[in-house]
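Colleague: The chain contents come next:
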Amino acid sequence: MEIARHWRLRRQRYALEGEQCGHCSRYIFPPRDICPHCGQEAGPVRSMSGKGEVYSFTVVHEPPTGYEAQAPYAVAIVKLEEGPLVTAQLTDVDAADIQIGMPVEMVTRKLRTDGAEGLIQYGYKFRPLLAAA
Amino acid sequence: MTESAKTESLHSPPPVMRPAKKTGIVGYGAYVPRYRLPGKEISRVWTEGNTPPTVPEKSVPGLDEDTVTMAIEAARNALARADIPPSEIGAVWVGSESHPYAVKPSSTIVGEAIGAAPNLLAADWEFACKAGSEAMQAAVGMVGSGMIRYALAVGMDTAQGRPGDALEYTAGAGGAAYLIGPAEDALATIEASYSFVTDTPDFWRRDRARYPSHGQRFTGEPAYFRHVTGAGRALLEGTGTTAKDYRFAVFHQPNPKFPQRAAELLGFSKDQIQAGLLCPQIGNTYAGSALIGLSAVLDRAEPGDRIFVVSFGSGAGSDAFQIVATDKLPERRTRAPRTADYVARRKEIDYGVYARYRGKLST
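Here the protein sequences come in this chain order: X and U.
Counted from 1, the first sequence has number 94 at position 94 by this note's numbering; the numbering is strictly sequential.
Counted from 1, the second sequence has number 349 at position 349 by this note's numbering; the numbering is strictly sequential.
Bear in mind the hints are in silico, worked out from the structure with no lab data behind them.
One should not assume that every hint holds.
To be verified - Only part of the chain X face toward chain U is listed, based on derived beta-carbon distances under 10 Å: (1) Arg5; (2) Ile34; (3) Pro103.
To be verified - Derived pair list, reagent style EDC-like, types lysine to aspartate or glutamate, alpha-carbon separation capped at 20 Å: (4) X:Lys79 x X:Glu105; (5) X:Lys51 x U:Glu48; (6) X:Lys79 x X:Asp97; (7) U:Lys347 x X:Asp92; (8) X:Lys51 x U:Glu126.
Each residue gets a CB set at the ideal place from its N, CA and C atoms; glycine is no exception.
Let's have the full structure, built from the sequences with the hints guiding it.
Modeller: If you want it as structure tokens, here you go:
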């Protein structure tokens, strides 16, 4: 496991920290050096709200190494309300209930664990909006 | 007179605790995972259905959840209600007996995730089921002394139950987070608190042991009831109040019977404890138990309502708090999901799925 990489990305992974371009005002996630929309220098830092909707999804039954424990799980492209598309797992939902356009919100969950003694990686996933009782 | 009563009678109880500067709860948030295991499933697997379940069902964390992820969500809810910049939080303290790491604080992950890092204190607390309320006492102290403006105290657990053991019926998952701050910003003020602790070996888990052990019936009178009533009576006497002065009372709830009996011993009615009694729906959430009972009460309390809270942690001890709702509560509680929203979100699972989710199967 790349400990340094996980540590470097922690603000993105825990808080959806991206950018809002100072030139064209559009939102960027993950953060970049150059704004993909206007080609100017990107920044400043801005966290996304975590609200969005399912843009597309699939269900993974044959997981890559490191993700076996949670399979089967759904992976979605989520369109954040600020605009950026984010690829992430869906959680707290049955695969049969997932629909394109479904409103979702970001939660912080365990992404993977490096064996019984290694680091636990936490990061963003999305779940259906919590309903009021 | 018993030996312990003789010793205690030599010392009159000290006055209740009040910090130099009055504090209160500026934000609170609950969390309960989505999955529920009915007690009858446990009874079916281990006793052919012959053991009546202690509670109808208990909450079970998902495969990607642990005390850290659950504490983060409760803390975000508390922050949403407080509406303060996370950088003003001077301490993040997580109380639990299920910290995912033996060495590496849950609190630094929670502090980082809510944006409170890096200028703060952070540490994990361990005192069985009262680790969270102990963190609250410390938060009141540091905020009330003026050392920091806000402190986050969390009580959260994914409780371990040995397969087939009596505690497996109730060992649930959940808890709540409290942002303690100056009384003038509070949605509920903390009027006074008290703590009562002895060395009582009623329940423990040794280093590297997977499941806790307990002293069977020893967990009742010398442990739960002595400490809950010890702290509770001292708080009532020290504040010159009686049960009638409170609208709500919340007790640590390892099962539905203990808090009902403790309420009775201290003069509280069933009506007073009803709103904060979640054990029948989610089980015993250990360090989260009394604190999530309080969050359910804060979801309903009206300005001026007085709330009595007593936690209990094995080992053993109790923290007691007198809390009064302010006029800021009704609006602020609408800013995050209510405790009932999490309790109502439920997907029932059977014992096989539960065994997988809780890591009771090895491959």
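Colleague: Hints first: check each against the structure and report whether it holds.
Modeller: Hint-by-hint comparison with the structure:
no.: 1; hint: Arg5; verdict: violated (16 Å)
no.: 2; hint: Ile34; verdict: violated (26 Å)
no.: 3; hint: Pro103; verdict: violated (15 Å)
no.: 4; hint: X:Lys79 x X:Glu105; verdict: holds (11 Å)
no.: 5; hint: X:Lys51 x U:Glu48; verdict: violated (46 Å)
no.: 6; hint: X:Lys79 x X:Asp97; verdict: holds (18 Å)
no.: 7; hint: U:Lys347 x X:Asp92; verdict: holds (9 Å)
no.: 8; hint: X:Lys51 x U:Glu126; verdict: violated (35 Å)
When each numbered hint is compared with the structure, violations occur for hints 1, 2, 3, 5, 8.
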